[in-house]
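Q: All chains, full assembly: derive it from the sequences and hints.
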Amino acid sequence: MKVYDGKEARQFEKRLAKRHKNTIAARENEIQDINKLYDKKVKLSKVENEKQLLDIRDRNADRLNVDFTAQQKKLDDYQKSLTKTQGVLENQKGEYIKGHRDNLAELGKYYDSKFKAKNFEGQVQTKEIQEKVRDAISKSQIESDSHVQELDRTAKTKSAENTALNESRLVVQNREHTIKETQKDFEHAETVANKMNDHQRQIFLLERQQKTQKREALAGAEQLVKTQNEQHKQILKQEKVAFQQKYDTLLHNHQLVYDNLKQRFAAELESLTNSQTENKAFLADRQTDKFYNIDRMNPEIKEFQDEKGGGGYVFAIKVPSHEMESLNLSAHERKIKINYSRRHSGRSEDVGGAVNLAKRSESVTREFQVADIVDPATITQQYKDGKLFFKIAKR
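The opening residue of the sequence shown carries number 40 in this note's numbering; numbering runs sequentially from there.
Worth flagging that the hints you see were computed from the coordinates, not collected in a lab.
DMTMM-like mimics (lysine to aspartate or glutamate), calculated; alpha carbons at most 20 Å apart, straight line:
| no. | residue 1 | residue 2 |
| --- | --- | --- |
| 1 | LYS376 | GLU401 |
| 2 | LYS112 | ASP101 |
| 3 | LYS279 | GLU269 |
| 4 | LYS341 | GLU372 |
| 5 | LYS75 | GLU317 |
| 6 | LYS153 | ASP141 |
| 7 | LYS234 | ASP174 |
| 8 | LYS374 | GLU339 |
| 9 | LYS123 | GLU134 |
| 10 | LYS301 | ASP94 |
| 11 | LYS171 | GLU226 |
| 12 | LYS171 | ASP237 |
| 13 | LYS153 | GLU255 |
| 14 | LYS79 | GLU317 |
| 15 | LYS123 | GLU278 |
| 16 | LYS171 | GLU160 |
| 17 | LYS85 | GLU317 |
| 18 | LYS376 | ASP411 |
| 19 | LYS82 | ASP72 |
| 20 | LYS137 | GLU269 |
| 21 | LYS426 | GLU339 |
| 22 | LYS155 | GLU246 |
| 23 | LYS376 | GLU342 |
| 24 | LYS374 | ASP411 |
Derived CB-CB ranges, DEER-like:
| no. | residue 1 | residue 2 | range |
| --- | --- | --- | --- |
| 25 | MET235 | GLN131 | 44 to 54 Å |
| 26 | GLN212 | THR251 | 51 to 61 Å |
| 27 | GLU189 | GLU226 | 19 to 29 Å |
| 28 | LYS112 | ASN395 | 36 to 46 Å |
| 29 | ALA64 | SER314 | 27 to 37 Å |
| 30 | LEU146 | GLN110 | 48 to 58 Å |
| 31 | SER314 | SER400 | 20 to 30 Å |
Predicted model only: the values in this text are computed from it and were never measured. Here a beta-carbon is modelled for each residue, glycine too, at the ideal position from N, C-alpha and C.
A: In C-alpha cells form, the structure reads like this:
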C-alpha cells in the first residue's frame, strides 16, 4: 500500500496551494460579509427596537394624557356639579328664609285680623250693653215719669184734706224713686265696668297668646333654618371629602400604571439589550472558535491492493461521530473532491416572549488529484476510532 505522507504529499499540497488559498480568501471575504451583515442587522434591530420602544412610550404617554384629560374633565364636571349644588342649596336656603318670612307675615296678618275681629266684637258687645243700659234707663225714666204723673193726677183729684198726707207720701215715693234710680245707675255702671274688664282681659290674653305663638313660630323657623344650614354644611363637607378621595385614588392609580409601564419598558429594554449583546458575543466567539471555523482539511490518503490484483484509495478524516453526515466525497477521473458542510443555529427568548433566531452555514471543500482513474460508483464509507474512512476503487 502506497502512502502519500512524505515529499510526494508535500508536492501534492503545493499543487493545490493556489486553489486552496483562493478558497481561504473567498471564505475570509464571506466571513467579513457575514460580520458586516450581522453588524448591520444588529444596528437595524437596535434602531427598530428603539423606535418600537419610543412608539410604545409615546402611545402610553398619549393614553395617559387621554386618561388624565378624561379624569380632569370628570373633575371639572364634579366641580361644576358641586358649584351647581351649592347654588341650588343657596336658592333653597333663600326660598326657605323667604317662605319663613312669608309664613311669619301671614301668621301676623292672621293674628292681627283675629285681634281686630275680637276687638270689633268687644266694641260691638260694649255698644250693645251701653244701648241696653240706655234703653233700660230711658224705660225706667219713662215708667217713673208716668207713675209720677199718675200719682200727681191722683193727688190733685183728692181733697185738700189729704194734701199733707199725699205730700208726705209723694216725698217718700220720690225718695224711693231716687234711691231706685241711684241703685240702677250703680248697677249699670258696675255691669259696664265688669264688661269692660272682661273685654280688656280677653284682649290681654289674646295679645299674650299671639306674642307667645309669634315667638314660638320665630324660634321654630330659626331652628329650622339653622338645622338646614348645618345639614347643607355636612352634605357639602361630605361631598368635598368624597371628591378629594376619588381624585387622590385616581391620581394614585395613574401613578402606579405609569410606574409599572416605566419599569416594564426598562426591563424589556435591558432584556433586549442583554439578548442582543449575548447573541453578538456568541457569534463573535464562534468566529474565533476553530471548531466553528474550519478553513482546511488534511485527510490521510493511502493506496491499497486487493487479492484480485485491483486496488484503490482510502481517505481518512478525523471528525466527531455526530458530524459524519456533514462530510461527502465525490470523484471524477483522477479528481477527488471532499466537501464538508454544516449549519449552526441559535435561539434565545426575551422576557416579553420575543424569540431571536440566529442561523449560520459553512462549507469547506478539498480537491486534489490521484495517480489513477477511480470509479465513483464504488465509494463506501465507515466510521471507526473517531475517523471517517472513504474507500474508492480504481477503474
